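Peer 1: Go by the hints and put chain B onto chain A.
Number of protein chains: 2
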Amino acid sequence: MDFALFSLILGVLSIIYSGFAFFRVIREDEGNQKMREISHYIRRGADAFLRREMEAVLAATVVLAILILAAIGWQNALSFVVGSLSSAFAGYLGMQTSVRANVRTASRALKSGIKGAFDIAFTGGTIMGTFAIGIALIGISSLYMLFRTPLDIIGYMFGASLISLLVRVGGGIFTKGADIGADLVGKVEAGIPEDDPRNPGVIADNVGDNVGDCAGMGADLFETYAVTLITAMLLGYLLEPIRRALGTMAVTLPLMIGGIAVIATIVSIPFVKLRNPKRIMGAFYNGLIISSIVAIALNAILIYGAGGLETAIVSKAGLMVSIIAGVLVMASMYAFAEYFTSGSYGPVKRIAQRSQTGPAINIISGISSGLFSSTFPVMIIAVAIIAVLLANGGLYYPSVGFYSGVYAVGIAATSMMSMAGMVISVDTFGPITDNAGGIAEMAGLPKEVRDNATDPLDAVGNTTKATTKAYAIASAGLAALSLFIAFVLELPPSELDSLQIFNPLVLVGLFIGAVVPFLFTSRLMEAVDYAAFSMVNEIRRQFREFGILEGKGNPDYEACVDIATRASLKKLLVPALIAAGLPLVVGFLLGPTALSGYMFGAIASGVPTAVWMTTGGAAWDNSKKVIESGLYGGKGSDAHKAAVVGDTVGDAVKDTAGPAVNPLIKVIMTVSVLFAPMIVLIHLL
Amino acid sequence: MDFALFSLILGVLSIIYSGFAFFRVIREDEGNQKMREISHYIRRGADAFLRREMEAVLAATVVLAILILAAIGWQNALSFVVGSLSSAFAGYLGMQTSVRANVRTASRALKSGIKGAFDIAFTGGTIMGTFAIGIALIGISSLYMLFRTPLDIIGYMFGASLISLLVRVGGGIFTKGADIGADLVGKVEAGIPEDDPRNPGVIADNVGDNVGDCAGMGADLFETYAVTLITAMLLGYLLEPIRRALGTMAVTLPLMIGGIAVIATIVSIPFVKLRNPKRIMGAFYNGLIISSIVAIALNAILIYGAGGLETAIVSKAGLMVSIIAGVLVMASMYAFAEYFTSGSYGPVKRIAQRSQTGPAINIISGISSGLFSSTFPVMIIAVAIIAVLLANGGLYYPSVGFYSGVYAVGIAATSMMSMAGMVISVDTFGPITDNAGGIAEMAGLPKEVRDNATDPLDAVGNTTKATTKAYAIASAGLAALSLFIAFVLELPPSELDSLQIFNPLVLVGLFIGAVVPFLFTSRLMEAVDYAAFSMVNEIRRQFREFGILEGKGNPDYEACVDIATRASLKKLLVPALIAAGLPLVVGFLLGPTALSGYMFGAIASGVPTAVWMTTGGAAWDNSKKVIESGLYGGKGSDAHKAAVVGDTVGDAVKDTAGPAVNPLIKVIMTVSVLFAPMIVLIHLL
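Heads up: the sequence lines are chains A and B, in that order. Position 422 of the first sequence, counted from 1, bears residue number 422 in my numbering, the numbering being contiguous throughout. For any residue, its number in my numbering is found by taking its place in the second sequence, counting from 1, and adding 685.
Only chain A is shown next, with the shape it has when bound in the complex:
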């Protein structure tokens, strides 16, 4: 049977499942009048933001499609458009779902408590989980069946990652600008609680949760999934000896491994049930473990069942090691992220303890803990690569083992994608419950609804967000590495001789590439700072002019949404140019040799940058929560005030700057791979 056709069918199946999940959520009750009204505000704000963001996305798509059409060819231009629209649509749908699931989760929490609320929120998550992988499978398999070569699908990767970057960055600036701005004036200056409806920034803050966490993470994981699959397909095509040994299967096997995610997800969803409200994370671990087991089993059937996979240079045992390595990397990343970000372990407890000596020491120990944590994912990825290489052909370059080794690394990255559906479902759960809590507060639902249902669910959401980011970064590291090698394989053999690491041009490229994540994250933090500053001024103005706190006037929510929207769109261009433009400048100016250094430099410093920011940020957040639970004086103590400072800094690094490094790396890789033939052409002139 044709693996590509099979993947297409699996993709359609996934979309159908997603539709059923959508109707399961939509038929739920939306709650009382007040809840509907608030939900309506959030939805309208989200629509307003998304409409304008999508205009920018469409404009970028059209311009770039024309450029690709002229420079590369219609095949990649078409792939680009499909990839970019799929990415945009995945983000759009994720958000449309979550703004509907949030109010229904709140309503269920009111009616039947935490178990019911959990059920609706998770079902909401599965809509996104199954839709994202479904649409990716449909797009990639159709394009592959049309062109029969992955070289023509490179545009899809670029489209998916570029749009994911735009949605991530735009959403990240919006959400944290709104969040920090609303908190600084509301909680700190005016002394009103979080999510108080008198705060003009409160709707923008809730819109932001959807815009940043749902649309942003949705587009990001969709992109991770699609790019990883296509990269492994590309390796199967470009690694000559592998293609000769495996034939078409070299290219379609990764597609099939990715397709397994559909079955693994759908089979394991029913196991995610909240039995013990004290162990919410346990329900997710059930789902993830079952999803992993199903994935390993199906992959084993695939590898041992399919004919022609045991050749002189590829072995079934070696491929199975890759599959298992991928699953182990995922498990290690979850354990790693939980250790460094959960309030139950040393690192977070230490930051909480240090907060007693004031905000400065809180910040120092947060940065220190974040930087320290970045060592582990790198080591995990390094060990996985070495293990996969050893099992598949040996460590050394000038040998045939190089080809099977590199292909096996691509397969290991794809194996991580076999659990992608479940990971996305769990992740989308976070912002839905976060919003449900906000709606419960704003609608004045009884305090127990928050205390016993939405708050515990939301706290778990913090952990799932951190673990998902760790998963995304690890898989991005492996996929980017494979893409980097795909880029090298695209170069003419004459260029390969100059790719020695001691070639000064390679070194200069590496040097410049390694500073890009620093430059890029600095611009995002500056943007958050700018957006928050604008929000602060607007909220202060409304308080002053409308007399909201004195009960004289009503807040103008839309003005705040508008400010955050404009700030985020304004600050979108520079990061996008850094990501997609700089590699082309380096490539066309200094040639493919320097560009290869540049690409890897960006991966090597990008992965630890992404990790320190996301785990450090989550650790700050949870160390505040540890203090709020009563330690070191609890809420309102000096330690708590210090922890709030760390939490706010953490917001900017963990929700805006850090996670955007993942699509940054991908955009650098995909734009380079896409334009490689042209760069070589110009360079040889």
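Take the hints with a grain of salt, since some may be wrong.
As the list claims (entries may be wrong) - Pulled a few chain B residues facing chain A out of the computed Cβ check, cut under 8 Å:
no., residue
1, Ala930
2, Leu1056
3, Leu1074
4, Phe1196
Stated by the list, open to error - If you want a taste of the chain B side facing chain A, the calculated C-beta under 8 Å gives, among others:
no., residue
5, His725
6, Thr1060
7, Phe1203
Keep in mind the hints are simulated off the structure, nothing from the lab. Small disclaimer: the values here were computed from a predicted structure and weren't measured. No residue lacks a Cβ here, since even glycine has one placed at the ideal position from N, Cα and C.
Peer 2: Relative to chain A, chain B alone:
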């Protein structure tokens, strides 16, 4: 004439000059009884710390010397001991000088105002400036005349950089632990002014300025100077075609270019006079500009005067481009550092403005500004390398131009060293004036002494510290790059084939190497956090038990010095092992291929890490000063409180973590180059 002998003579000349400067300082008046007493305390504290640190340093030297003797040979063991003792002695003497110059500066400030104080403080700085380069020249030329091959002097580099790392790290932890601890309890909790003699931590704080800034920066710049010279000598030796073309001169030319620093420094010192107390930085710029002009002129005479430098692959014009490139890099780094750290320009003003919205936004904009700034040094270095390569042989590796190009990059790095004497003199000025201010405060000198003399001098010290760090990092980047290539040239030709950047082992090495600066700085920040926490507890205990604030008892300064000493020595081991041990683990376990990736990964992420931390930290510091000068409410305002938080975080990153990355990179390079033959041997077994 033999360049090596000539350099030796220049080295002796430099030491003699240093001796004269020392006596010029020492014959100055030490001031009144109170001042002598305080100065005595600081000196005793510094001695206590240094004695124990030197014990640790000696122990490390003995153990490693035996290891090198057994593994490499007696020549490198001897070189190692000479290098390591020279480094220790440079740090030791720098500190002994500054603890004598500080009280005399304060005394002169009292008697004859700012101009006299400037004169003594700068003369104190020149002791260190001329001594450091003198002892390096004597050591390197003697060893070279003894062995006649730079391969046997590699040990000197490792010794110099390892000890510099220990002194930097130990001093950095001591100084910031003491500083932050004393400030948190004294200024923030007890509300007494900085340098109030009732604060038990105040002597430790002042000891720290000498330990961190004088001994630390002294050993660091000594190491930068020595390593840069030997690296270029090594390149002249290992680049076969260059050695064939230039003969012995390939090796001795860098030594001679370094030796020019002696004349350039001594000639330009008299020009550093404070004419206008409003333009203190101008006096230094005079010295630096004259030093640069003299260096360029002497280098031109050297290059155009010496016979045999115009060959088929080396050109005099090309070498002059390298010389000028080195000077331009230095000038650009000064301009860069001043723009990003001085209160007169946008970046610092912006952080000050953002401080109005509280400490969190202050931190976010400081990190953002620091990360952003790291782009520029990388670009400056990249442009310089490309220019030097273009002027000396072309950009591409598999060509003869590679050899002349790489050699020319080494010469450019050495050219930066022609101004090293003046740079070190200016830098040592900083801690001397900082201490002089402390002594003036503690001895209760009239307020005008601080306001009109020591405070303005100290403020400039902040800028010179930042510019010196930028200079050190840029030269470290160039030198490390050259050392990296020296490492590659040491490998057998069969290994070179596997050094392609797309070799998975190279990539794994790069990946691990790039995370090392993150890991290393995280440990240093954790150490500062630990030391500060211990200090806070001790100072609180003394306040409580002795009743110091109530005037019932006297503070026990020595107990605080002891706590900071113990904390810094305790936290020395792990960073040292990361720096010197990890490369050996990677080298012996994964082989020279992975190690080469590791080395360059550490450079590529290390340089931006060092930059963001040092410039970001200085920007925080000066944004606080901007507010203290009266902006946004001035001292005591909310904006000021927010800026104090940023300043404290900045202390840890700019004086401990950031600057230690420079010796970190060097230790990684030198230990790898030193052990390369053995790593290759084991690997080929």
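Peer 1: So, for every hint listed, does it hold in this structure?
Peer 2: Going through the hints against the structure:
1. At about 19 Å, the closest approach between the beta carbon of alanine 930 (chain B) and any beta carbon in chain A exceeds 8 Å, and the interface hint on this residue is violated.
2. With 8 Å as the threshold, the beta carbon of leucine 1056 (chain B) comes within range of chain A, its nearest partner Cβ sitting at about 4 Å, so the hint holds.
3. For leucine 1074 (chain B), the interface hint holds, the least distance from its beta-carbon to any beta-carbon of chain A being 6 Å, beneath 8 Å.
4. Because the closest C-beta pair between phenylalanine 1196 (chain B) and chain A is about 5 Å apart, less than 8 Å, the hint holds.
5. A hinted interface residue such as histidine 725 (chain B) counts as satisfied when its beta carbon comes closer than 8 Å to some beta carbon of chain A; here the least separation is about 31 Å, so the hint is violated.
6. Given hint, threonine 1060 (chain B) at the interface with chain A, holds; its Cβ is 5 Å from that chain's nearest Cβ, closer than 8 Å.
7. Hint status for phenylalanine 1203 (chain B) relative to chain A: holds, with the closest Cβ pair at about 5 Å, below 8 Å.
The structure fails to meet hints 1 and 5 from the earlier list, while all remaining hints are met.
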